[in-house]
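Participant: Spelled out, the chains give:
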Amino acid sequence: MTYIAKPKLHHPELARNKVGHTRRDYEGTVSTLCAGCGHDSISAAIVQACWELDIEPHRVAKLSGIGCSSKTPTYFLGNSHGFNSVHGRMPSVLTGANLANRDLLYIGVSGDGDSASIGLGQFAHCMRRGVNMVYIVENNGVYGLTKGQFSATADRGSKSKRGVINNDEPVDLSGLALQLGATFVARSFSGDKRQLVPLIKAAVEHQGAAFIDVVSPCVAFNNHTGSTKSYDYVREHNDAVNRLDFITGRDEITADYEPGEVVEITQHDGVALRLRKLAPDYDPTNRIKAMNYLQERAAAGEIVTGLLYVRPDARDLHAYLNTIDTTLTRLGERELCPGAVALEKVNAALR
Amino acid sequence: MKRIDAINDFVVKFANVNGSGSASANELFARAILRMGVPVSPRNIFPSNIQGLPTWYEVRVSESGYQGRRGGVDLMVAMNPQTWDADLKEIEAGGYVFHDSTKALTKSRLRDDINVIGMPLTEICNATYTDPRQRQLFKNIIYVGALSALLDIDPNEIERLFSEQYKGKEALLQSNVKALRLGRDYALQKLGGPIGLRVKRSNKVGHRIFIDGNSAAALGAVYGGATVCAWYPITPSSSLAEAFIRHCQKYRVDPATGKNRFAVVQAEDELASIGIAIGAGWNGARAFTCTSGPGISLMSEFIGLAYFAEIPVVIFDVQRGGPSTGMPTRTQQSDLLSCAYASHGDTKHVLLLPEDPTECFEFSAQAFDLADRLQTPVFVMSDLDIGMNTRLCDPLQWDDTRAYDRGKVMTHAELEAGRDFGRYLDVDGDGIPYRTYPGTHPTRGAYFTRGTTKDRYARYSETGPDYVDNMQRLLRKFETAKTLVPKPLLYPAERPARFGAIFYGSTSAAMQEALEVLAERGIHVNALRVRGFPFQDEIADFVASHPWVFVVEQNRDAQLKTLLVNEAKVNSARLLSVLHYDGTPITARFIVDQIAQHAAARMVVPLKKVVS
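Chains as they are written, first to last, in the working numbering: chain A, 99 to 449; chain B, 446 to 1057.
For the record, the hints were derived by calculation from the structure and aren't laboratory data. The beta-carbon is built from N, C-alpha and C at its ideal position, and this holds for glycine as well. Hints may contain errors.
[To be verified] Example chain B residues on the side facing chain A (calculated, C-beta under 7 Å, incomplete): (1) 651; (2) 673; (3) 720; (4) 745; (5) 746; (6) 750; (7) 840; (8) 893; (9) 1026.
Can you make the complete structure from the sequences, with help from the hints?
Facilitator: Next comes the structure, spelled out in structure tokens:
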């Protein structure tokens, strides 16, 4: 039995957001993942981000594929519809759901096996199409549920718990997302909530394909010496290019910064992102430079994190397909069926 | 020499090179005969290739209205030197070959029992046109003009078709008319006018329409309220998605905003296509994908998910010759079993089996109601013969009072009123649970959809009783489906019959002709056309009431027979298979031969009777 309800009791003075919910209202059932799993921190970050953004939980659809990461939608947003689909195929299911009802917020949760191995194709094409969604990969470099085989994001030369060395080149999902036209690309670390929560918030606000690659250590199979996805390794090699502190228009600016330290990016829907620069020359609106930077730092053994790229004038699949503003699911016979008179004309033209 | 003489009952076959623009000229030929009130049934026989390989267009002219392939050719329009020898062999003795005589043929390459009509088409074109493309395209129109003279087709009908086709394009209209007359005049003056095959004006077409199955199915999807289509190009189903786009651009653009009331995605593969359709179905849209056999294989995992998680989705399978890449441009009915049981584990799926474009339209629209009502994948099993050939069939009909059946969907009001919601709870005893659309209610009705086992309230559960309970409910739901899918149609023999025949889909046209021919020969057969799966009791009753029942189908392994034995629990000893699977559409001649042979063997008087 892996379904455990959480007790509903909570402190009566727990803070409520603008839509009247406490943070607890954004939780799901008790996690059945291993104690210390990075994925649980990501679930907590999603809960925090949605609460802070005053999102109505039932207006979110959370979709996933198969694997440890894909189990996590059960552990957050219990009042949202969830869909645990087929291994590697969350992107297509989410694309269809999004086409049917553009009014919901779509969060897709996947893992490195799910998105970089079996589902690499669907990941790529979903980014290409610009599906308006938050695509989070909980990236730990191993298959957890099947007990510790390397996944396609494992670095060449990294060592498995059983002592096997990985000889294959890793798939860099952030690099691919950049190349394939994702309009929001970030990388983060499950152990850095201060970085991750604002990134998720910004991804939610972004009107297009928003991808976040979150390095999320597997405590059971990939947290040992020789692994490049362990807590220790990631902390030692984390090269954060910026820190997203605010989303203006929602949060007040409370800290002071030196001139030149902050960059502000206004997106076409008016939402502005305020970034504190950590790498002095890093420009997150320059896709080519971002790709170069990622490659350079990766060659030096570092893991670049932060908001890697955002395209301020992003559009989404609905814009490309010119679909009507009303969700397709609200259309009835009157809007959809051309009727008997039109059919008679069709018949007449076929004689 | 013998000369075939026939009025309104013959077969003309055009042998062309694909990419030469012959298709539209050949269709013009067929339509002109239709306009004279004489039924025709044309078929494209084409290779898996774009340009340069042989392609054929076979037109059966039949006053009796037979739509199946007849077999044999009375007039071969031999425009492809590559296939000359083989084409010539197909002509019936006393038949005709029409060819381009610009280059003289040696006698050894001809047959002495057929009538040869040579016309220097290339020479005429070269003398008339300077542009190479025009020479090529108008050559086709010129031979249509010549054929109109040879077969006594009213040229005014052809010119009327031109004026409809080139409305507002005066130059194109005039140049086509000119080419047509050029060919016709030449044939009248130099070829001796009409031959033994004639088209005589009749009134046998009536109100029927001329449409291909894929266009009709796509229109059915528009009428049935489909809003999301995801597809991956594959012959012979691509034209279904393309027709859907075309129909939507005509009927589904919001006049006020110019925005689309539909969304079509050409996906990266069949897996994504079905995934998108399932995602849309889950969220409450009517969604479909269209594919052929290889696509079904690829989609199988997802089909199992939709079955087990109970998500409505419509899948059009326009079947072609399998297995593997098989015969991509030839027809078969060989996906029946792979669709009925698609995916791993215990699964069964609803199938609709249309016989022609009219039923493609009807079943397509109905499929969306059934998918919503039954919350499961519904297959519309068409094939290349129906899908990609223009067929004379009954007009399409729609009742404006018809409302979409969206099935059991629990609303915000019902949830608010405190109605118990269990996603997999069988409230009504028909095996169909209620569902909610995502985003319906802030605190009630949300659930987790998964391909893993769960209890009645959609909670993950691996316990045996929960699993069995759910699987049994799915069986009850399949029983309910029996009452909803189209019933089989009985075609009773005119006299008491010991033989029965079961058939479905594109076999229908040839079958109906075969039944008439058999009756003339004294072999009386009651026939039953199966139109849906799961099978209703009528089918088992039909088998039980005949000592022998022929099961006529277009695959090697007798897939319908297998399904009947398995699912309708009929006695397999009574079933005799008639199987046609060479990739060409089944013919009445083939069915008659097979059934007559079987019948002869079974009409021998038993030994006991002879002795006594």
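Participant: Using Cβ atoms only, decide whether residue 651 of chain B comes closer than 7 Å to chain A, and label the hint accordingly.
Facilitator: violated, 10 Å
Participant: Min Cβ distance, residue 746 of chain B to chain A: is it shorter than 7 Å?
Facilitator: Result: holds, 6 Å to nearest chain A Cβ.
Participant: For the restraint on residue 673 of chain B, tell me whether the closest CB of chain A is nearer than 7 Å.
Facilitator: Nearest chain A Cβ about 5 Å off; hint holds.
Participant: With a cut-off of 7 Å on the beta carbons, see whether residue 1026 of chain B makes it to chain A.
Facilitator: Violated. Min distance 31 Å.
Participant: Does residue 840 of chain B pass the interface hint, meaning its C-beta sits closer than 7 Å to a C-beta of chain A?
Facilitator: Holds, because the Cβ-Cβ distance from residue 840 of chain B to chain A comes to roughly 4 Å (cut-off 7 Å).
Participant: Quick one, is the residue 893 of chain B hint okay against chain A at 7 Å, beta carbons?
Facilitator: holds, 4 Å
Participant: Under the criterion of a CB-CB separation shorter than 7 Å, is residue 750 of chain B in contact with chain A as hinted?
Facilitator: holds, 5 Å
Participant: Checking hints one by one. Is residue 720 of chain B an interface residue toward chain A, by the C-beta closer than 7 Å rule?
Facilitator: Since chain A brings a Cβ to about 3 Å from residue 720 of chain B, closer than 7 Å, the hint holds.
Participant: The hint names residue 745 of chain B as touching chain A; please verify it with the least Cβ-Cβ distance against 7 Å.
Facilitator: Constraint on residue 745 of chain B not satisfied, violated at 11 Å.
Hint compliance for this structure: hints 1, 4 and 9 are broken, all remaining hints hold.
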